[in-house]
Amino acid sequence: MRHLIEIGDLSVEEIGELIETANDMIANPDYYNEICKGKKLATLFFEPSTRTRLSFEAAMLDLGGSVLGFSSAESSSTAKGESVTDTVRTVGCYVDIIAMRHPKEGAPLLASMSSEVPIINAGDGGHSHPTQTLTDLLTIKREKGRLDNLTIALCGDLMFGRTVHSLIAAMSCYENVKFILISPEELRIPDYIRVGILQKKKLEWVETDEMESVLGKADILYMTRVQRERFFNEADYLRLRDTFILDTKKMEYAKPDTIIMHPLPRVNEISPKVDSDERACYFKQVKYGKFIRMALIMKLLEVSK
Amino acid sequence: MNVDEIKTGVVLDHIKAGKSMELYHYLNLDQMDCCIAIIKNVKSNKLGKKDIIKIDAEIDLDLDVLGYLDPNITVNIVKDGKVLEKKKLKLPTDLRNVIKCKNPRCITSSEREIDHLFRLTSPEEGIYRCVYCETESK
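Taken in sequence, the protein lines are chains A and B. Take 141 as the starting number for the first sequence in the working numbering and just add one per residue. Take 4 as the starting number for the second sequence in the working numbering and just add one per residue.
None of these hints come from the bench; they were simulated from the model. Computed from a prediction, not measured in an experiment: that's the story for all the values here. Built from N, CA and C at the ideal position, the CB exists for glycine as well. Among the clues, some could well be false.
Simulated pairs of lysine to aspartate or glutamate, EDC-like, Cα-Cα distance not exceeding 20 Å [stated by the list, open to error]:
id, chain 1, residue 1, chain 2, residue 2
1, B, 52, B, 67
2, B, 105, A, 331
3, A, 342, B, 128
4, B, 93, B, 114
5, A, 340, B, 128
6, A, 340, B, 127
7, B, 90, B, 63
8, A, 439, A, 187
9, A, 341, B, 128
10, B, 103, B, 65
Derived list of chain A stretches under chain B, where covered just means 3 residues or more per stretch with a C-beta under 8 Å from a C-beta of chain B [as the list claims (entries may be wrong)]:
id, segment
11, 195-207
12, 241-251
13, 326-336
14, 401-412
Take the sequences, apply the hints, and build the full model.
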């Protein structure tokens with residue numbers, strides 16, 4: 141039995157296979173619409189989410205399976221003080237696979253240690269969000285045609301932005317990928333990424349707090365939201381929230397074929413006027429997210445085509 | 004100053020000067036009722052100054068804890084007044100319930116009776132990270 145706790149749990153080859161399956165699903169959705177008939181997915185979301193939870197549920201429904209779960213800790217026995225381990229062991233008695241989001245970092249890993257069904261990490265605090273990364277990789281592959289020889293600029297909250305951490309880890313496995321890290325001083329990437337991945341793998345990367353001068357070098361601009369829920373201090377959040385805002389004026393600095401990505405939800409970091417620019421890919425990302433999750437569910441349930 | 008040799012037991016040698024009390028607590032030696040000598044600031048050719056702990060009883064020491072605290076310590080197993088074995092330590096790959104994660108966002112801060120797990124992620128620099136949240140131990 142396999143779990144997906146962090147993107148490193150999948151090999152580059154396995155990620156390639158998932159992307160291939162997802163592409164086939166996009167081309168031939170009818171072929172897959174009963175492939176998980178009789179299987180059940182539980183979405184255990186101890187923290188609010190729109191896209192990720194609905195994406196998992198839509199994915200399972202489109203595979204012919206069914207879904208159950210909860211969408212906040214208040215509506216589960218966690219409110220009565222039940223441990224993560226007990227919740228997961230209980231739910232594992234009803235379903236075939238669990239997608240779990242939790243505000244505490246490492247909660248899905250803990251769940252996987254005692255679960256009898258596969259656990260998918262659907263986001264744990266500011267730590268990791270591997271299915272968003274799979275979504276991002278599918279988007280890059282489809283929109284840029286490759287996953288190597290790319291310069292990717294990541295902008296915003298790089299400290300608590302779990303999608304950023306997982307994406308750097310994943311992209312670091314491909315040849316000649318360069319990183320431009322744009323953030324205010326206080327929200328720079330954590331050491332375990334800087335030292336553990338960028339320095340260890342001797343990758344080419346720069347850190348900057350200025351957006352305009354580096355936009356022209358990026359093949360991909362990956363914007364992120366400064367997340368209110370990651371701050372203990374409201375004043376710090378308000379001060380940092382408006383640091384980087386992508387608008388039509390800044391888009392003039394970007395290359396004609398640069399793609400703009402964002403894991404969503406956005407607050408104000410991308411002006412809605414950018415949405416009509418054909419380089420904006422964030423709503424395509426949402427669509428691709430369902431297909432890559434379908435491919436992942438099939439893989440972890442060991443359902444073959 | 005003279006401290007008697009032990010007949011049967013363990014001598015922890017080459018402890019970094021000033022670290023012996025920390026070791027004493029980590030190894031729960033305060034819970035033992037045998038004779039234990041802590042000798043501080045002993046002259047050492049190798050270290051300049053060192054601490055030594057002599058334990059006058061056969062005990063199973065947690066070598067992982069010792070290796071984590073100071074991999075340069077020598078563990079001498081003494082039997083009938085002779086050194087039976089000298090154990091060299093190394094940084095252990097995994098630590099279970101030796102240190103605690105201090106990240107308030109880590110699951111270890113809220114889940115009851117959870118094992119605190121750390122892994123050696125950079126042997127050259129001796130860096131351990133929490134297995135759950137990857138925060139570096141301080």
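Hints versus structure:
no.: 1; hint: B:52 x B:67; verdict: violated, 24 Å
no.: 2; hint: B:105 x A:331; verdict: holds, 15 Å
no.: 3; hint: A:342 x B:128; verdict: holds, 17 Å
no.: 4; hint: B:93 x B:114; verdict: violated, 31 Å
no.: 5; hint: A:340 x B:128; verdict: holds, 12 Å
no.: 6; hint: A:340 x B:127; verdict: holds, 12 Å
no.: 7; hint: B:90 x B:63; verdict: holds, 13 Å
no.: 8; hint: A:439 x A:187; verdict: violated, 26 Å
no.: 9; hint: A:341 x B:128; verdict: holds, 16 Å
no.: 10; hint: B:103 x B:65; verdict: holds, 17 Å
no.: 11; hint: 195-207; verdict: violated (count 0)
no.: 12; hint: 241-251; verdict: holds (count 8)
no.: 13; hint: 326-336; verdict: holds (count 4)
no.: 14; hint: 401-412; verdict: violated (count 0)
When each numbered hint is compared with the structure, violations occur for hints 1, 4, 8, 11, 14.
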